[in-house]
Amino acid sequence: MSGDAPKSYNKFRVYQPYDAAYNARIHGPFIPWREYGQPRMSIWDMKIGNMWSHFLSSDKSPAHMRMVASKAYWRYCGSKLSRKTSFKPFMAMVFSASILLFLARYKDYAAERRVKYHW
Amino acid sequence: QSTWGASQCASQPDGCVSKKYDVTKLTRRNNEDEAVRMTIASYEKFAEGVNDVTKRWDEKHEIYFGNERDLVNFPHMKTAEYMPKVRLGVFPDEWFQALYNKTGVTGPYLFLSGGIVFLLQKEYWVIDHEFIEVIPFIGVCVLLVKWFGAKAQAMYIKGSQERYMKVVGTPLAKYAELANQAIKDADDILHRDTAYPMYIQAKYENVDIQLEASYRDRLASMHRDVRRRLDYHVERQNAKRSFEHQHMVDWIASSVRSSITPAQEKQALEQCFSTLKNLAVEYKKEGSTAARV
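Quick mapping for you: the protein sequence lines, in order, are chains Y and U.
Just so we're aligned, residue 1060 is where the first sequence starts under my numbering, counting upward by one.
Just so we're aligned, residue 2 is where the second sequence starts under my numbering, counting upward by one.
These are calculated hints, taken from the structure and not from any lab test.
Among the hints, erroneous ones may be present.
Restricting the straight-line Cα-Cα distance to at most 30 Å, the calculated cross-link-like pairs of lysine-lysine (BS3-like) are [claimed, not checked]:
(1) K1147/Y to K79/U
(2) K159/U to K79/U
(3) K1139/Y to K152/U
(4) K1147/Y to K1130/Y
(5) K159/U to K1147/Y
(6) K167/U to K79/U
(7) K1143/Y to K152/U
(8) K61/U to K1130/Y
(9) K56/U to K46/U
(10) K1106/Y to K86/U
(11) K61/U to K185/U
(12) K103/U to K1106/Y
(13) K123/U to K1106/Y
(14) K1143/Y to K159/U
(15) K1175/Y to K123/U
(16) K1143/Y to K175/U
(17) K167/U to K1143/Y
(18) K103/U to K1130/Y
(19) K147/U to K1143/Y
(20) K1139/Y to K147/U
(21) K61/U to K175/U
(22) K46/U to K175/U
(23) K267/U to K285/U
(24) K1139/Y to K79/U
(25) K79/U to K56/U
(26) K1130/Y to K86/U
(27) K1147/Y to K267/U
(28) K79/U to K1143/Y
(29) K1106/Y to K1119/Y
(30) K1139/Y to K167/U
(31) K159/U to K147/U
(32) K123/U to K1139/Y
Construct the complete structure from the given sequences, taking the supplied hints into account.
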């Protein structure tokens, strides 16, 4: 980890893919669901009309995509999970899975609309 | 005094400390006892290991919790105890809070219902034979959570606690106890070090006692020899004097005996006989006070 080294080697930054701005001396132990450096723009502050252009201009390299995915996962773990768990994650997974699978099979459902005789 | 005996040590105000040999200046390295050297090496290794651990801990502590640590923006991590709130079982409360300023309390609910109505009316969500599954599915989910939610949570919490104690809690407590025991043992060993001057002092005292004993031996033998010589002279004088006395007595007696003439001897004998006869006459008389043998 950068910063987690003796004083003579601090000038050589060790490779860590999570955050370029993380410094152990200032930020303490690395917590994945925290933002080090620039704060992340939350989805509630974005405008829907700008989302497509923002996506087109974003960094689509594999390293950055991996970082975004891992940060999203850790953000869910850090903010939505707790020591005394409950059924909510399971229900959330079921709900989201059912919607996504519905959308994946939407072609077959839509065909039912155009059929002349419904069973 | 040149030597210190046991009684003299006890009578001193500071007990056993020998004033002739400065024991406090002795270090363990001056002693060439091999057993002591081996124990010193093992203790130094142990201390090295302990110092490594403390050095590493100090290094890491200085990095993560040093002066540059920003605790205002990046405070210590806290995990939540309970899950965040949800509405209708699946929608997190923070979505409702984020939209409160724009749409009020009923906004998201209207969005949900309006969305469902829109999908049904435009037939994006086609009502086919599988549509009816949605209603009992939601009902079953609700009933399951109602009946078994609390029990399942309790079971899971108990299991997670057991796993935590098995992996973290018990080993940590055990290690803490071991560490405390190690500290106590180390303190005992350090305390034993205070006895080393006494041990050396005892050795010196042992030698002192032996020197004292040999001195007294020599003193006694000297006394015996001198006494023997003086006694000899005394006995010699006594022997000489007693011999002189005996010789003089013998000489006088023999000279007296030789000076007795026969006429004197005869006269003495007659005197003795007449005395005896008188005594016998008196002895035979009744009521006499003569001595009866």
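Structure-based check of each hint:
1. Distance restraint check for K1147/Y and K79/U: the Cα-Cα separation of roughly 21 Å lies within the 30 Å cut-off, and the hinted pair is therefore satisfied.
2. Restraint check: the Cα-Cα separation between K159/U and K79/U comes to about 21 Å, which is no more than 30 Å; the hinted pair holds.
3. Between K1139/Y and K152/U, the direct Cα distance comes to roughly 21 Å. Compliance with the 30 Å bound is thereby established for this hinted pair.
4. Using a Cα cut-off of 30 Å, the hinted pair K1147/Y and K1130/Y holds, with the two alpha carbons roughly 21 Å apart.
5. Straight-line distance between C-alpha atoms of K159/U and K1147/Y comes to about 18 Å, which keeps the hinted pair within the 30 Å bound.
6. Taken as a hint, the K167/U and K79/U pair is honoured in the structure, with Cα atoms around 22 Å apart against an allowance of 30 Å.
7. Distance check on the hinted pair: K1143/Y and K152/U sit about 12 Å apart at the alpha-carbon level, within 30 Å; holds.
8. Restraint check for K61/U and K1130/Y: satisfied, since their Cα atoms lie roughly 26 Å apart, inside the 30 Å limit.
9. Between the alpha carbons of K56/U and K46/U the distance comes to roughly 15 Å, so the proposed pair stays at or under 30 Å and holds.
10. For the hint linking K1106/Y to K86/U, the alpha-carbon distance of about 26 Å falls within 30 Å, and the restraint holds.
11. Taking the CA atoms of K61/U and K185/U, the gap is about 26 Å. The hint holds against a cut of 30 Å.
12. A threshold of 30 Å between alpha carbons decides the hint, and for K103/U with K1106/Y the separation of about 14 Å falls inside it, so the pair holds.
13. The suggested pairing of K123/U with K1106/Y holds, with an alpha-carbon distance near 26 Å, which does not exceed 30 Å.
14. Taking the CA atoms of K1143/Y and K159/U, the gap is near 10 Å; set against the 30 Å cutoff, the hint holds.
15. Between K1175/Y and K123/U, the direct Cα distance comes to roughly 17 Å. Compliance with the 30 Å bound is thereby established for this hinted pair.
16. Distance restraint check for K1143/Y and K175/U: the Cα-Cα separation of roughly 26 Å lies within the 30 Å cut-off, and the hinted pair is therefore satisfied.
17. Using a Cα cut-off of 30 Å, the hinted pair K167/U and K1143/Y holds, with the two alpha carbons roughly 18 Å apart.
18. Distance hint between K103/U and K1130/Y is fulfilled; the C-alpha atoms sit about 29 Å from each other, no more than 30 Å.
19. A C-alpha spacing of about 17 Å is found between K147/U and K1143/Y, which places the hinted pair at or below 30 Å, so the restraint holds.
20. At most 30 Å may separate the alpha-carbon atoms for a hinted pair to count; K1139/Y and K147/U meet this at roughly 21 Å.
21. Only pairs whose Cα atoms come within 30 Å are accepted, and K61/U paired with K175/U is accepted, the gap being roughly 24 Å.
22. As the CA atoms of K46/U and K175/U are separated by approximately 24 Å, the hinted pair is consistent with the 30 Å bound.
23. Note on K267/U and K285/U: the hinted pairing holds, with a Cα-Cα distance of about 28 Å set against a maximum of 30 Å.
24. Taking the CA atoms of K1139/Y and K79/U, the gap is about 13 Å. The hint holds against a cut of 30 Å.
25. The straight-line distance between the Cα atoms of K79/U and K56/U is roughly 28 Å, inside the 30 Å bound, and the hint therefore holds.
26. At roughly 22 Å between alpha-carbon atoms, K1130/Y and K86/U fall within 30 Å of each other, so this suggested pair holds.
27. At roughly 165 Å between alpha-carbon atoms, K1147/Y and K267/U are farther apart than 30 Å, so this suggested pair is violated.
28. Pair hint K79/U plus K1143/Y holds up; C-alpha atoms about 14 Å apart against a cutoff of 30 Å.
29. About 20 Å separates the Cα atoms of K1106/Y and K1119/Y, which keeps this hinted pair within 30 Å; it holds.
30. Of the pairs offered as hints, the one joining K1139/Y and K167/U holds, with about 26 Å between alpha carbons and a cut-off of 30 Å not exceeded.
31. Taking the CA atoms of K159/U and K147/U, the gap is near 20 Å; set against the 30 Å cutoff, the hint holds.
32. A threshold of 30 Å between alpha carbons decides the hint, and for K123/U with K1139/Y the separation of about 35 Å lies outside it, so the pair is violated.
Hints 27 and 32 from the list above are not met by this structure, while the remaining hints are.
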